[in-house]
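Enquirer: Next come the chains, spelled out residue by residue.
2 protein chains.
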Amino acid sequence: MITIAVANQKGGEGKTTTSLNLAMGLARRNFKTLLVDMDPQANSTGIFVNPESVDKDLAHLFQNSVKLKDIILPAYNEYMWIAPSSLRLAEMETVSVNSVEAPYILRDAMQGLGEFDFIIIDCPPSLSIFTVNSLVASNFVLIPLQAEKFSMDGIMGLQQTISSIKKRINPDLEILGALITQLKPQTLLTKTILPVLGKYFRIFDHTISDGVAIGESHLAKKSVYDYNKSSRQSQEYEGFLEEVLRELKK
Amino acid sequence: MITIAVANQKGGEGKTTTSLNLAMGLARRNFKTLLVDMDPQANSTGIFVNPESVDKDLAHLFQNSVKLKDIILPAYNEYMWIAPSSLRLAEMETVSVNSVEAPYILRDAMQGLGEFDFIIIDCPPSLSIFTVNSLVASNFVLIPLQAEKFSMDGIMGLQQTISSIKKRINPDLEILGALITQLKPQTLLTKTILPVLGKYFRIFDHTISDGVAIGESHLAKKSVYDYNKSSRQSQEYEGFLEEVLRELKK
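Those sequence lines, one after another, are chains A and B.
The first sequence begins at 1 in the UniProt record's numbering and counts up one residue at a time.
The second sequence begins at 1 in the UniProt record's numbering and counts up one residue at a time.
Same shape as in the complex, but just chain A (with noise of 0.2 Å):
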């Protein structure tokens, strides 16, 4: 079983559109895979379920210590499942934030899961404690990011809580690499940017350009793949997915 975190301080830089690609794409591979909502606005949830119709979510995991067997739900195929969120998730934070237990809770809910190949977690846009169980219980965190200044500014403090659960919690986390996001290729900014953020992460081969084909995927509640199999998006996310799976092999 694999487990991958994808997270970013930052909202806005394409962590919920990659966990549902890299889901659904696994899926469609027939990878058994599980996607995991770790953020209190459910925008991963609303693509496959109604939030509010939803009995079971990640607050009651945060509350309860339930299993997380015991609140997944089927979703997209045969091969994929989601632990969906709601905005009760929010008011679990204060609850948990003082506890030495606390960065634990999403690792421990997560045993007796090996049935599952991938397990994808799309972090919220905070170093919250959602975040945290999130890094806590992977073995990689993806980084989706614009080529953005104020994208740039943020990722320091997203380096030193991913060494510090590698250094006090998780030794085995492994940054997988920065995925680039609604790139506009060409541009100053592009050509300004990623060789300054290469010298922080490995960045995919793969990059994903900016266009309407993601945003209309989400308003159709589709995969990229689903919705418009020939656009530029769901061809450049199939090639990132293929990358992934390289690299795991390696």
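Hint data in this document are derived by calculation from the structure and do not stem from the laboratory.
Bear in mind that the values here come from a model prediction, so they are computed numbers and not experimental data.
Since the list gives no way to pick out one identical chain from another, each pair is judged satisfied if it fits inside one copy or across any two copies.
Only pairs whose alpha carbons sit at most 20 Å apart, straight line, appear in this in silico DMTMM-like list of lysine to aspartate or glutamate:
| hint | residue 1 | residue 2 |
| --- | --- | --- |
| 1 | Lys-221 | Asp-153 |
| 2 | Lys-249 | Asp-117 |
| 3 | Lys-222 | Asp-153 |
| 4 | Lys-149 | Asp-226 |
| 5 | Lys-222 | Glu-238 |
| 6 | Lys-149 | Glu-52 |
| 7 | Lys-32 | Glu-243 |
| 8 | Lys-56 | Asp-70 |
| 9 | Lys-149 | Asp-210 |
| 10 | Lys-69 | Asp-108 |
| 11 | Lys-222 | Glu-78 |
| 12 | Lys-184 | Asp-210 |
| 13 | Lys-191 | Asp-210 |
| 14 | Lys-56 | Glu-91 |
| 15 | Lys-250 | Asp-172 |
| 16 | Lys-221 | Glu-78 |
| 17 | Lys-250 | Glu-174 |
On the provided structure of chain A, position chain B as indicated by the hints.
Expert: Below, chain B without anything else, positioned relative to chain A:
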């Protein structure tokens, strides 16, 4: 004195870009303007000063109840100042969260700042105590928003927060409107979402197009007007600013 909170709990919607260009645009018109950076990620602050070289910031205000005027620094031109933020501010959230006094800290600190024509508050990407403080201290709230599914999904939460603050604490708070950012005109997405959005908020006639001038201006640490006056985004922000000024005169 008119105080405008630029708020949206989703990240990547254009809060900082809008706050910066609104504040600098007002200062260019010789309005005495203060930009308050309520986001611990300190992206607004970083345009004018090095956040790490700042002696006192908004974290001290939330910790010690110092006056806002004791932390403000000159920025941009002789008509503009900034109240800087830093990552330290994030730690104040749990300190303040349980107190009855918590929502009033910024409003109290703003006492005696009557010399400013405008105060623009760049809110963090959350509905945390910092956004609550900003809305309690403001006359108006301005909502930057993309025409995207995940952007739409969160606006009920923002509406509820605004309603609660209006009912309980700040009856004068008004929604100035929603500014559509990163617009890709003529797309299916835009055509589908804009009519729905109009049912929730007044939408400004001016919208901000997707394009490179914004990102490049951040890298150059300039307003979009100063970076590239003839760019489409510069002209759109100018038009938006005129529309804001007309709206405030009503």
